[in-house]
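**Student:** Read off the chains here:
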Amino acid sequence: MDARLRRVNKEISDCKNDKSSNISIDLVDNSPFHLIGEFDGPEGTPYEGGHFKVDIIIPESYPFQPVKMKFITKVYHPNVSSASGAICLDILKDAWSPVLTLKSTLISLQSLLCSPEPRDPQDAEVAKHYMTSKSSFEETARYWTQAYAGGSGKEVRGKGRADGPRDEIAMAGLERAHVEKFQAMGFDRTKVIDVLRRLNYRGANVAQINDDKVVDELIKS
Amino acid sequence: MKVHVKNWHAIAQWRWDTGASDADDDGEGDVCGICRVPYEGCCPSCKMPGDDCPLIWGECSHVFHMHCLLQWIGTAASKQQCPMDRRPWVTAERKVAKQGR
Ligand SMILES: [Zn+2]
Ligand SMILES: [Zn+2]
Ligand SMILES: [Zn+2]
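So the sequences go chain by chain: Z and F. First residue of the first sequence? That's 1 in UniProt numbering, and the numbers climb one at a time after it. First residue of the second sequence? That's 1 in UniProt numbering, and the numbers climb one at a time after it.
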């Protein structure tokens, strides 16, 4: 039997037999080379209470080439693309080793959620948010967990429940008052949210960005 | 009563002496970390275990099927590092297998 197939089958069954790790790996279709991994968000992080799914592709030369993984569940995190779910993690790139397994790699993703590395970002806007105001970043990450990962989001205050329509302002990690201020000047709400997010209009940055700059950007957009 | 042994089947078991302590702490036992097949089995490109598919020891004390390790070291991605500790791979002098397990 093909070495890659044998190893992957063994990894899948090892993971099924291990109930302690709370990590699951399942087939997407009939191929053992396209899988879905799932794990819970780590406790004590904005991802707590969420359940995260990861798309897994086993390359032809596995385990000599790294497995390809990206988040299916949307995640607000400096090292995960908020649009595509692409992940920036060294072991998925040049620090891969053939002794790593699907399970150990998923555990590494879980710990990436505990320890963001904003200096090596996958999503530059999210990384800026993180560095400008960690508390505002965490509130947004919690909101995303609640909205997309089925988290209870009990700590998200005053932002509405995920079962209602999603709050675009909370999604973007902005303050309602800021958005409303520019909306009152006659700009479209979606545009305002888009521009303020791009300008990283948060925390101490707000004082640095004057209104003319924002209006300029709104007119250009 | 006299018992005459008419014939008998010898059953022998062999193991590579990997110098590792009995059970690994991860409970995976003595498997090659690269192909996940026991050391006593052969690597995926061989048919017969044993001398045709030997083990290789690094000076860092890590052990693999020789064929598995050489395949890894042959990739650019390996940077010629041990898969376990990412130190430059240096093959240790073949240890003489000692009995006494
Ligand atoms: Zn091997
Ligand atoms: Zn071999
Ligand atoms: Zn080593």
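In short, the hints are calculated from the structure, not lab data. Here the structure is a predicted model, which means the values were calculated and not measured. Ideal Cβ positions, reconstructed from N, Cα and C, are used throughout, including at glycine. Where hints are given, some of them may not hold.
[To be verified] Examples of chain F residues toward chain Z, derived with CB under 10 Å: (1) W57; (2) T75; (3) Q80; (4) M84.
[As the list claims (entries may be wrong)] Heads up, simulated DSS-like pairs for lysine-lysine below, C-alpha to C-alpha not over 27 Å straight-line: (5) K70(Z) to K103(Z); (6) K93(Z) to K128(Z); (7) K79(F) to K103(Z); (8) K68(Z) to K47(F); (9) K103(Z) to K191(Z); (10) K70(Z) to K47(F); (11) K191(Z) to K220(Z); (12) K213(Z) to K74(Z); (13) K10(Z) to K47(F); (14) K19(Z) to K53(Z); (15) K128(Z) to K70(Z); (16) K10(Z) to K68(Z); (17) K93(Z) to K79(F); (18) K53(Z) to K134(Z).
[Stated by the list, open to error] Some residues of chain F that are not near chain Z, with every Cβ distance over 10 Å (derived): (19) H4; (20) V5; (21) V37; (22) K47.
**Student:** Would you mind marking each hint as holding or not holding in the structure?
**Tutor:** Evaluated hints:
1. W57: violated, 15 Å
2. T75: Holds - the Cβ of T75(F) comes within 10 Å of chain Z, reaching about 5 Å at its closest.
3. Q80: Where the cut-off is 10 Å and the nearest Cβ of chain Z is about 13 Å from Q80(F), the hint is violated.
4. M84: Holds: closest Cβ of chain Z sits about 6 Å from M84(F), inside 10 Å.
5. K70(Z) to K103(Z): Holds, at about 14 Å.
6. K93(Z) to K128(Z): Holds. K93(Z) to K128(Z) sits at ~23 Å (cutoff 27 Å).
7. K79(F) to K103(Z): holds, 24 Å
8. K68(Z) to K47(F): violated, 30 Å
9. K103(Z) to K191(Z): violated, 42 Å
10. K70(Z) to K47(F): violated, 36 Å
11. K191(Z) to K220(Z): Answer holds: K191(Z) to K220(Z) is near 10 Å, not above 27 Å.
12. K213(Z) to K74(Z): Distance of about 31 Å is beyond 27 Å: violated.
13. K10(Z) to K47(F): holds, 19 Å
14. K19(Z) to K53(Z): holds, 18 Å
15. K128(Z) to K70(Z): holds, 21 Å
16. K10(Z) to K68(Z): Cα-Cα ~18 Å, so holds.
17. K93(Z) to K79(F): holds, 13 Å
18. K53(Z) to K134(Z): holds, 25 Å
19. H4: holds, 46 Å
20. V5: holds, 41 Å
21. V37: At roughly 8 Å from the nearest Cβ of chain Z, V37(F) sits no farther out than 10 Å, so the non-interface label is violated.
22. K47: Check passes; 12 Å lies beyond 10 Å.
Going through the hint list in order, the structure does not satisfy hints 1, 3, 8, 9, 10, 12, 21.
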